[in-house]
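Under mature numbering (1 follows the signal peptide of the UniProt record, and there is no 0), residues -16 to -1, 1 to 327 are what the sequence shown spells out, in order.
It is possible that some hints are incorrect.
[To be verified] Distance condition first, Cα-Cα at most 27 Å in a straight line; then the derived DSSO-like pairs of lysine-lysine: (1) 63 - 44; (2) 169 - 312; (3) 13 - 312; (4) 44 - 60; (5) 44 - 246; (6) 246 - 60; (7) 169 - 60; (8) 246 - 169; (9) 312 - 60; (10) 63 - 246; (11) 169 - 44; (12) 22 - 44; (13) 169 - 22; (14) 312 - 22; (15) 312 - 246.
[Unchecked claim] Cβ-Cβ distance ranges computed for the label pairs, FRET-style: (16) 302 - 227: 17 to 27 Å; (17) 9 - 322: 18 to 28 Å; (18) 51 - 12: 37 to 47 Å; (19) 290 - 49: 55 to 65 Å; (20) 37 - 94: 18 to 28 Å; (21) 97 - 49: 22 to 32 Å; (22) 63 - 306: 18 to 28 Å; (23) 322 - 60: 37 to 47 Å; (24) 9 - 318: 32 to 42 Å; (25) 154 - 234: 45 to 55 Å; (26) 297 - 97: 40 to 50 Å.
Worth flagging that the hints you see were computed from the coordinates, not collected in a lab.
Positions of the beta carbon are idealized from the N, C-alpha and C atoms, including for glycine.
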Amino acid sequence: MFRMFFVFTLYRAVLSVGESSAAQCYARKGCPTGLRAKLWLLALGISPGLELVQHFEQLKSAVILNELLVDSLIYKDVKLTASNDDYYFVFEDYLYQVLLCFSRDVSIGEYLCNTSGVNQVTSLQTGWLRSHIPNGEDRSEVGTAKYSANGVIPFHGFAMYAAPLCLLYNEPPTLYSVFREMYIKFFFRLHCVSSHPSVSEFMHLPSHLNFNMIMITNMLDLFSQGIVMLCLLFESLVQVHQPQLFLHLHDVGAPPLRIAFKWLVRAFSGYLATDQVLLLWDRMLGFGSTQILAVLAAAVFILRAENLMESSNLLTAEAVVADLSTIKVVPLLQLLLFAPDTP
């Protein structure tokens, strides 16, 4: 009883302060189910109001006016993933609204290019057009085209980034705004491989060159939280805490990363129970880092190390960790974070 009173009192104090940093600190230890929606809005710096509604209505109008090829990808992805999920199938209509509007939001690609230094906007080589231009005519005008409007091509499982958020927000404009902020802060890092120079090359740039230091800082942050570095962190953690398991899985043709990669790309959405996904994302939002995903993935292997040691090939290893619906995020994170170092 006292604990609930303390939690609610702290919650009201955070809301009264009205600062994102306070909400993020609160989220690091997990948000109570009934309080999570408002805390996330504050942590993400979102103020529900007329401006959000107007922006969402503009995007809806763009969806109605113009049909895009990516619309078919979105429909198919929702049908194959969220619609077949026991938790998320009831949110099918919400997901269509959010993802179709997301595909029309031009500001997303521009924001990612300007702040992260990553050319997120996909360029499609128009080779077919080039091949059909008569000989002797200038083909240089036919180069690349930005597609889609936001520069993001949906892939299998993309809808699962938005699905857990449907449990928190029942107003589409607010739901969209939260998904958009979560994407540009975290999710795009999970499927974007940067082609920019390495961190070490940035450290040796000539001092006389004029660079935007905010952009460089954001790019270095991207390297530490992007999917490549998450893979490296995951493998390092497994190798340090379970070296024999790491070698065994490689010997039988079942590298740990090959099994865990899909968890990382989807931020565990669709693999964990919904309440556990939200608890995990609490920490991701609170610490402002995707690295917690790699920590949890490594902890799953540590938890099931005994059974994994008995696997003889990739199929049997995958079967051992196929069902994560009973996993409890917080104890598992503590299992790894507070475990003694392996000699």
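Outcome of the hint check:
1. Of the pairs offered as hints, the one joining residue 63 and residue 44 holds, with about 21 Å between alpha carbons and a cut-off of 27 Å not exceeded.
2. This hinted pair checks out: residue 169 and residue 312 have alpha carbons roughly 25 Å apart, not beyond 27 Å.
3. For a cut-off of 27 Å, the pair hint linking residue 13 to residue 312 stands: about 14 Å separates their Cα positions.
4. Distance hint between residue 44 and residue 60 is fulfilled; the C-alpha atoms sit about 19 Å from each other, no more than 27 Å.
5. With a C-alpha separation of about 31 Å, the suggested pairing of residue 44 with residue 246 is violated against the 27 Å cut-off.
6. Among the hinted pairs, residue 246 with residue 60 is consistent with the structure: their alpha-carbon atoms are about 19 Å apart, no more than 27 Å.
7. Proposed proximity of residue 169 and residue 60 is supported: the alpha carbons are some 26 Å apart, at most 27 Å.
8. Distance check on the hinted pair: residue 246 and residue 169 sit about 19 Å apart at the alpha-carbon level, within 27 Å; holds.
9. The straight-line distance between the Cα atoms of residue 312 and residue 60 is roughly 31 Å, outside the 27 Å bound, and the hint therefore fails.
10. Note on residue 63 and residue 246: the hinted pairing holds, with a Cα-Cα distance of about 19 Å set against a maximum of 27 Å.
11. The straight-line distance between the Cα atoms of residue 169 and residue 44 is roughly 23 Å, inside the 27 Å bound, and the hint therefore holds.
12. As the CA atoms of residue 22 and residue 44 are separated by approximately 25 Å, the hinted pair is consistent with the 27 Å bound.
13. This hinted pair checks out: residue 169 and residue 22 have alpha carbons roughly 18 Å apart, not beyond 27 Å.
14. Using a Cα cut-off of 27 Å, the hinted pair residue 312 and residue 22 holds, with the two alpha carbons roughly 24 Å apart.
15. A threshold of 27 Å between alpha carbons decides the hint, and for residue 312 with residue 246 the separation of about 19 Å falls inside it, so the pair holds.
16. A C-beta distance of roughly 21 Å is found between residue 302 and residue 227, which places it inside the suggested range of 17 to 27 Å.
17. At about 20 Å, the CB distance of residue 9 to residue 322 agrees with the hint of 18 to 28 Å.
18. Checking the proposed 37 to 47 Å range against residue 51 and residue 12 shows it holds: the Cβ atoms sit about 43 Å from each other.
19. At about 58 Å, the CB distance of residue 290 to residue 49 agrees with the hint of 55 to 65 Å.
20. Taking 18 to 28 Å as the suggested C-beta distance range, the pair residue 37 and residue 94 conforms, at roughly 22 Å.
21. Residue 97 and residue 49 have their C-beta atoms about 25 Å apart, which keeps the hinted 22 to 32 Å range intact.
22. The hinted window of 18 to 28 Å between residue 63 and residue 306 holds, with their beta carbons roughly 22 Å apart.
23. At roughly 43 Å, the beta-carbon separation of residue 322 and residue 60 lies within the given 37 to 47 Å, and the hint holds.
24. At about 19 Å, the CB distance of residue 9 to residue 318 disagrees with the hint of 32 to 42 Å.
25. Distance hint check for residue 154 and residue 234: the Cβ-Cβ separation is about 47 Å, which falls inside the suggested range of 45 to 55 Å.
26. Between residue 297 and residue 97 the Cβ separation comes to about 43 Å, which falls inside the hinted range of 40 to 50 Å.
Checked against the numbered hints given earlier, the structure breaks hints 5, 9, 24 and satisfies all the rest.
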